[in-house]
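Participant: Single-letter residue listing:
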Amino acid sequence: MRTVDLIALLARDVRMTPAGAATRKLLMGLAVGGAVTLALVVLGLHCQPLEAAARQPWFWMKASYTGLLTVAAAITVRRLAVPGRRPGIAPAVALLIILAMIGLGAGQILAASSATRLDLWLGHTWKVCSPLILLLALPIYGCEVVALRALAPTRPAVAGAAAGLAAGALAATFYGLHCPEQAAAFVATWYTLGIAAATALGAALGARLLRW
Amino acid sequence: MRRWPRGIEPSTVEPKVDIEERLRPLMNRSLAGDADAHRQLLSALGGHLRSYFARRIGTGASEVEDLVQETLLAVHLKRDTYDRALPFTPWAYAVARYKLIDHLRRRHRRVHVPLEDAGVLFAADDSEERVVQTDLDRLLERLPDRQRTLLEDVKLQGLSIEEAARKRGVTAVSARVMLHRTLKWLNRAWHDENG
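Going line by line, the protein sequences match chains F and B.
In case it helps, the working numbering puts the first sequence at residues 1 to 212.
In case it helps, the working numbering puts the second sequence at residues 213 to 407.
A few of these clues could be false.
To be verified - Far from chain B, by Cβ distances over 10 Å, these chain F residues were calculated: (1) Leu38; (2) Glu51; (3) Ile89; (4) Val93.
As the list claims (entries may be wrong) - In silico SDA-like cross-links for lysine to any residue, where the CA-CA straight-line distance does not exceed 20 Å: (5) B:Lys290 - F:Ala207; (6) B:Lys367 - F:Asp5; (7) B:Lys290 - F:Val93; (8) B:Lys396 - F:Pro18; (9) B:Lys290 - F:Ile102; (10) B:Lys290 - F:Arg149; (11) B:Lys290 - F:Arg211; (12) B:Lys290 - F:Leu120; (13) B:Lys396 - F:Ala90; (14) B:Lys367 - F:Arg15; (15) B:Lys367 - F:Ala8; (16) B:Lys396 - F:Val4; (17) B:Lys367 - F:Arg211; (18) B:Lys396 - F:Ala150; (19) B:Lys396 - F:Leu27; (20) B:Lys396 - F:Val146; (21) B:Lys379 - B:Thr361; (22) B:Lys290 - B:Arg342; (23) B:Lys379 - B:Lys396; (24) B:Lys396 - F:Ala21; (25) B:Lys290 - F:Gly20; (26) B:Lys367 - B:Leu395; (27) B:Lys290 - F:His46; (28) B:Lys367 - F:Arg2; (29) B:Lys290 - F:Ile7; (30) B:Lys396 - F:Trp212; (31) B:Lys290 - F:Pro18; (32) B:Lys290 - F:Leu27; (33) B:Lys396 - F:Arg149.
In short, the hints are calculated from the structure, not lab data.
Model, not experiment: these values are computed from the prediction.
Cβ atoms here follow ideal geometry from the backbone N, Cα and C, with glycine treated the same way.
Bound conformation, chain F alone (with noise of 0.2 Å):
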């Protein structure tokens, strides 16, 4: 096919295209995928006691580091989900904000005493924290996918990246709904570790399935 043609068969697939459909597709995937997740949370795991775990700070402080994550990191796939835009500086901040989250831990860590270190550390929950963070990381990754394939990076694998780490921790802060952990050293290992695990399989994902 000769390339006029092409061109004048494309002009004929024209219609009005609304304004604004990369930020409303993304989000879209990201209330999709985050309601199956929540669902998921208050079905299948069960919740803490809401009103009383609100007055709490650890519960502020898990949630407002994952919280933070999750809008960074939205920030940073919203940038890299079209052609010719830079990251900015999303992905800077949520790197701070996780060295920020590494750093709080750290200094429990060592405040406490030698006794109490490694229950702060492993709380009762270590061995589930990360792999469940993943899984339910899972169902807003494939949403954001659906989404950024509608789209265009032009870096697939580190839009990949960037989606799962939103996916991880949106994941993660629903988790919160649920776990009962308050140490800030157990937040900055396991959440941490387990949005790292979305991040990575992101990666490797997004490198095959947002190419166009």
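Go by the hints and put chain B onto chain F.
Facilitator: Positioned in the frame of chain F, the structure of chain B alone reads:
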């Protein structure tokens, strides 16, 4: 604002700015549903893409033309990822560079495509198309009859969607949907076949 000596008109003042000023309104009109602007935009881009890809891969005309067509199809199908508040040429350059990298990677060639200013895409223009058999022809043969005849009516006979629909006894809406789906299928099949 640059000042030029009196009486001397520069032949090309900042060509990239000119191109941005020419293409961006076309893109905006195309997004508003103006088919004529869309055709002008794709024709202008086609010339720049042909020249850019030829400079980068420098091989046979058919490979370059395949890449031009694949990129134009992507520009068409992905046009809703262009943000109207931003300049158009960096978006177009990023699409072209992505398609070039993807093309080289699929052929397992060593990939080094420097990230340059968008101006590199618009530095030259080659609107002269060589007649070649492209990948698209091979893919079209694999289409179901209904879709292929619709495409041929529109492409070869220059019928409008409404005319083509009437000829085949379907509604204009379903012909429109069929054309759009066929273009998306072509884009995917192209990728799968060469991946």
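Participant: Each hint needs a verdict: does it hold in this structure or not?
Facilitator: For each hint, the structure was consulted:
1. Leu38: Correct as stated: the minimum Cβ-Cβ distance to chain B is 29 Å, above 10 Å.
2. Glu51: It holds; Glu51 (chain F) is separated from chain B by about 43 Å at its closest Cβ, greater than 10 Å.
3. Ile89: Consistent with the label, Ile89 (chain F) stays out of reach of chain B, its closest Cβ about 18 Å off (over 10 Å).
4. Val93: holds, 21 Å
5. B:Lys290 - F:Ala207: Status holds; Cα separation ~19 Å.
6. B:Lys367 - F:Asp5: Roughly 6 Å separates the two Cα atoms, so the pair holds.
7. B:Lys290 - F:Val93: violated, 29 Å
8. B:Lys396 - F:Pro18: Measuring from Cα to Cα gives roughly 19 Å; hence the hint holds.
9. B:Lys290 - F:Ile102: violated, 40 Å
10. B:Lys290 - F:Arg149: OK: Lys290 (chain B) and Arg149 (chain F) at ~10 Å, within 20 Å.
11. B:Lys290 - F:Arg211: holds, 13 Å
12. B:Lys290 - F:Leu120: violated, 50 Å
13. B:Lys396 - F:Ala90: Outside the cut-off at roughly 32 Å; violated.
14. B:Lys367 - F:Arg15: At roughly 18 Å apart (the allowed maximum being 20 Å), Arg15 (chain F) and Lys367 (chain B) satisfy the hint.
15. B:Lys367 - F:Ala8: holds, 7 Å
16. B:Lys396 - F:Val4: holds, 19 Å
17. B:Lys367 - F:Arg211: violated, 28 Å
18. B:Lys396 - F:Ala150: holds, 11 Å
19. B:Lys396 - F:Leu27: violated, 23 Å
20. B:Lys396 - F:Val146: Roughly 15 Å between the alpha carbons, so the hint for Lys396 (chain B) and Val146 (chain F) holds.
21. B:Lys379 - B:Thr361: Given that 20 Å is the threshold and the Cα spacing comes to 10 Å, the pair holds.
22. B:Lys290 - B:Arg342: violated, 26 Å
23. B:Lys379 - B:Lys396: violated, 23 Å
24. B:Lys396 - F:Ala21: Within the cut-off at roughly 17 Å; holds.
25. B:Lys290 - F:Gly20: Holds: Lys290 (chain B) and Gly20 (chain F) sit about 13 Å apart, inside 20 Å.
26. B:Lys367 - B:Leu395: Satisfied, since the Cα-Cα distance of roughly 13 Å is no more than 20 Å.
27. B:Lys290 - F:His46: Distance ~43 Å between Lys290 (chain B) and His46 (chain F) Cα, so the pair is violated.
28. B:Lys367 - F:Arg2: Answer holds: Lys367 (chain B) to Arg2 (chain F) is near 10 Å, not above 20 Å.
29. B:Lys290 - F:Ile7: holds, 15 Å
30. B:Lys396 - F:Trp212: Since the Cα atoms of Lys396 (chain B) and Trp212 (chain F) sit roughly 11 Å apart, the hinted pair holds (cutoff 20 Å).
31. B:Lys290 - F:Pro18: holds, 13 Å
32. B:Lys290 - F:Leu27: With Cα atoms ~18 Å apart, Lys290 (chain B) and Leu27 (chain F) stay inside 20 Å; holds.
33. B:Lys396 - F:Arg149: holds, 12 Å
Checked against the numbered hints above, the structure breaks hints 7, 9, 12, 13, 17, 19, 22, 23 and 27 and satisfies the rest.
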